[in-house]
Amino acid sequence: MREKPTIRIIAHIWMFIVSMLALLPFQLLIIASFTDNNYASIHGFSFFPKQWSADAYLYIMNKWATIGRAYLMTIIVTIVGVALSIIITTLFAYGLSNTKLPGVKVISFLVIFTMLFNGGLVSTYYSYVNLFHIRNTIWALIFPGLLMNAFNIILVKNYIRNSIPPSLMEAARIDGASEYTIFFRIVVPLSIPILATIGLLTGIAYWNDWQNGLYYLTQRDGGHLYTIQVVLNTINESITFLAVNPDTSVTSVTDLPSTTVRMAIAMVGIIPIILAYPFFQKYFVKGITLGGVKE
Amino acid sequence: MKQSRVVGTQINKLKNTGSTSRKNKIRWKDMIPFYVMMIPGMVYLIINNYIPMFGIIIAFKKLDFQKGILGSEWIGLDNFKFLFASKDAWTITRNTVLYSVAFIVLGSLFAITTAILLNEVRSRMASRLYQSLILLPYLMSWVVVSYLGFAFLSSETGTINSMLRSLGFQTINFYNEPQYWPFILIFTNLWKTIGYGTIIYLSNVVSISKEYYEAAAIDGATKWQQIRKITLPLLKPTIITMFILQLGNVFRSDFGLFYQMPRGSGALFSVTRTLDVYVYTALMKNSDFGMSSAASFYQSIVGFILIVSANALVRKVNKDNALF
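Chains A and B are the protein sequences, given in the same order. Note that our numbering numbers the first sequence so that position 197 is 610, with each residue one more than the last. Note that our numbering numbers the second sequence so that position 133 is 510, with each residue one more than the last.
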C-alpha cells in the first residue's frame, strides 16, 4: 500500500505557519524589551534592531519594590485561590456524586443554572462592594468569580462517579469509617488526576486575572494588593503608575517608563508561565479535552 | 454506624415489614455529612451567583446608596427607555452579535482545518511541539495580549508602522482609525483561541476508528477523499453541537478582548464597544447605575433565552451533548 506524502507535506507546512504566527508576537515582545529606547523611539520596534540594550530591565530592577511586591501578590493569590478552590469544589462534588442524597437533583440544577443565567456585572459588583465589603481587601482578588465554577464541579463529580468503585466506599462504611474519613482517605487520593487538572486550570485563571483588580481595587487604598497583571493593566491606563514614588509622589517626564520598559514588564509577567509550560502542557491539553463539547 | 445498622435490622424484624422497602428508606443521619460537606460550596453559589441574580432588579430602580437596592424607589422601565432611546443600544448589540458570529464561524473553520491536518502529522514529537506552540497564546491574559498588540500597532513604535515607514509608505494611526478594527479584533481572537479549538476537534478526529481509513485506502481512496467522505461526515454531529452551543452565547462578549485591545480609544467605540464593555464603562467610568444596570439586565435576559433555546435544539440533535 503506497501512500502519497503530499497531504503530510501540506500538513507540516500549515502547522509550521500557524505555529510561527502563534510565536511571532512573543518574539517581537522579547526583542522590543531588549531594544535601545532611543533607537525604538526613532525607528520603532523591529525584529532586527540595530541597537540593543538591557536598560528596561535595569529600570525594573530599580522599581523592584513595586514589581517584586506585585509578583509576591500574584503568587499568594494563586496559591491560596487554588487551594481553597480545590477544597470547596471537591467537597461539593463529592456530595453531588451521591445519587441517593435527597435533593441532589435540585442542587445539581442550581449548579447548572449558573451556567445559563447570571446577574451581570452591575449587581455582582454592587453586592460584593456594598453587602460584603470586599473592596481593597485581598479577598477581592480571590473570591469573585474564580473560586468555584459549575464546569469544575461537574468534571470532579463525574470523575468520582465513574472512576471510584462504589464497593470501595461501601467496604469502608461497613468497617465503620465516617463519611469524612472516606472523603479524605479514599475519594481525595483517588481523584488526584482530576484535581491536578482543575487545579491547573484554576491556577492559570488566578495568575492571569486582572478583572477583579480592575473592579475592586483602587490605586490609593488597594495599590499594595496589586498583582502583576493588575500592574500591567494599570500601566495601560495610566503610564505614570510606576514613576510616582510612594514617598515623594513627584513625577518628572524623564522618569516615566518608556515603551521598552512596558514591554519588559510584560515579559516579566509571562516568563514564569512560559518556563512552567513544558511541565504542565500535558495536563493542560487534558483539561481542555475534558471540557470539550460541554463548554 | 455499624450499631445503628444492626438496630435498624432489628426494628425491621420487629415491625415485620419487607426488608426491601426498608432498605430504600433514606437514613437521614447518614446523609448529614454530605450536606455538611456541601455547605462551603452552597454558600459560595449563593454569594457569587444567586444574590447577584436577584440583584438585577436594580434595573427597575432609581438606586439610592443610602437606602440600598431593596429600599430604593421603583421607577419601572425608565432606565430601559434611556438606554434604548440612545444610539448606543443598537451599536453595542450589533457589535456583540456580529463579532460573536464571526468568531464562531471563522474559529470553527480554522480549528477543524488545523485539527484534521495536525492529525496527518505522523511524528509524535512534531505533533506535540505544534500543539504546544499553537496553545501558547491561549495561556496569556488579555492584558499581556494588548501589550503584544501595542508592539505591532503603536503609531510611534509599532512594528507595522516602522515597516511602512522604511518602505516609504504613510504610517497608520491604528488606535484612531476604526476601519481596521473589525479585522484586528477577529484576527486577535483567532490567534488566541485557535489552539483551544484545535485541541477539542483533534480529540474527536483521533477517536475515529482507523479501520475506516484502512478499508478506504485498500479501495484506493486518496487522503483527500478520506477526509471528505470519512472524517468530515463523522465529525458532523460534534461540529453541529458545538456550533449551536456557541450560538447560544452570541450575546456574551469577551470583555478582555474588547476592553484591552483598543486600549480605551474613544475614536474606536463605534466598532469595538460591545455589551460587556458598555456595561463596564457606564458603571465604573460614568457611575451610571441606571444605564449600566439596564444594559446588564438586557444582556442577562436575552443571553438566557438564547442559551436555553440553543440547548433545546441540541437536545433534539444529540441528547448526550445537551447541558441539561
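These aren't lab readings, by the way, just hints derived from the structure by calculation. Keep in mind that this is a model prediction, so the values were computed, not measured. Treat the hints with care, since some could be wrong.
[Unchecked claim] Straight-line alpha carbon distances no greater than 20 Å define the calculated DMTMM-like cross-link-like pairs of lysine to aspartate or glutamate that follow:
1) B:Lys-406 <-> A:Glu-650
2) B:Lys-606 <-> B:Asp-596
3) A:Lys-518 <-> B:Glu-497
4) B:Lys-613 <-> B:Glu-450
5) A:Lys-518 <-> B:Glu-533
6) B:Lys-600 <-> B:Glu-588
7) B:Lys-439 <-> B:Glu-450
8) B:Lys-458 <-> B:Asp-665
9) A:Lys-513 <-> B:Asp-407
10) B:Lys-662 <-> A:Asp-468
11) A:Lys-463 <-> B:Glu-533
12) B:Lys-613 <-> B:Asp-665
13) B:Lys-406 <-> A:Asp-449
14) A:Lys-463 <-> A:Asp-449
15) B:Lys-464 <-> B:Glu-588
16) B:Lys-662 <-> A:Glu-583
17) B:Lys-606 <-> B:Glu-588
[Unchecked claim] Some but not every residue of chain A turned toward chain B, in silico, with C-beta under 8 Å:
18) Ser-432
19) Asn-475
20) Ala-478
21) Met-561
22) Arg-574
Ideal Cβ placement from N, Cα and C applies to all residues, glycine included.
Right, here's what the structure says about each hint:
1. B:Lys-406 <-> A:Glu-650: Answer violated: B:Lys-406 to A:Glu-650 is near 56 Å, above 20 Å.
2. B:Lys-606 <-> B:Asp-596: Given that 20 Å is the threshold and the Cα spacing comes to 13 Å, the pair holds.
3. A:Lys-518 <-> B:Glu-497: 44 Å, violated
4. B:Lys-613 <-> B:Glu-450: With Cα atoms ~53 Å apart, B:Lys-613 and B:Glu-450 exceed 20 Å; violated.
5. A:Lys-518 <-> B:Glu-533: Not satisfied, since the Cα-Cα distance of roughly 59 Å exceeds 20 Å.
6. B:Lys-600 <-> B:Glu-588: 14 Å, holds
7. B:Lys-439 <-> B:Glu-450: Given that 20 Å is the threshold and the Cα spacing comes to 6 Å, the pair holds.
8. B:Lys-458 <-> B:Asp-665: 14 Å, holds
9. A:Lys-513 <-> B:Asp-407: The given pair, whose Cα atoms are some 11 Å apart, holds under the 20 Å limit.
10. B:Lys-662 <-> A:Asp-468: 35 Å, violated
11. A:Lys-463 <-> B:Glu-533: 17 Å, holds
12. B:Lys-613 <-> B:Asp-665: 46 Å, violated
13. B:Lys-406 <-> A:Asp-449: 71 Å, violated
14. A:Lys-463 <-> A:Asp-449: Given pair A:Lys-463, A:Asp-449 holds - Cα atoms ~9 Å apart, limit 20 Å.
15. B:Lys-464 <-> B:Glu-588: 58 Å, violated
16. B:Lys-662 <-> A:Glu-583: 57 Å, violated
17. B:Lys-606 <-> B:Glu-588: Holds - the C-alpha atoms of B:Glu-588 and B:Lys-606 are around 14 Å apart, at most 20 Å.
18. Ser-432: Constraint on A:Ser-432 satisfied, holds at 4 Å.
19. Asn-475: 20 Å, violated
20. Ala-478: A:Ala-478 check fails; min Cβ-Cβ to chain B is 21 Å, beyond 8 Å.
21. Met-561: Holds, about 5 Å.
22. Arg-574: 14 Å, violated
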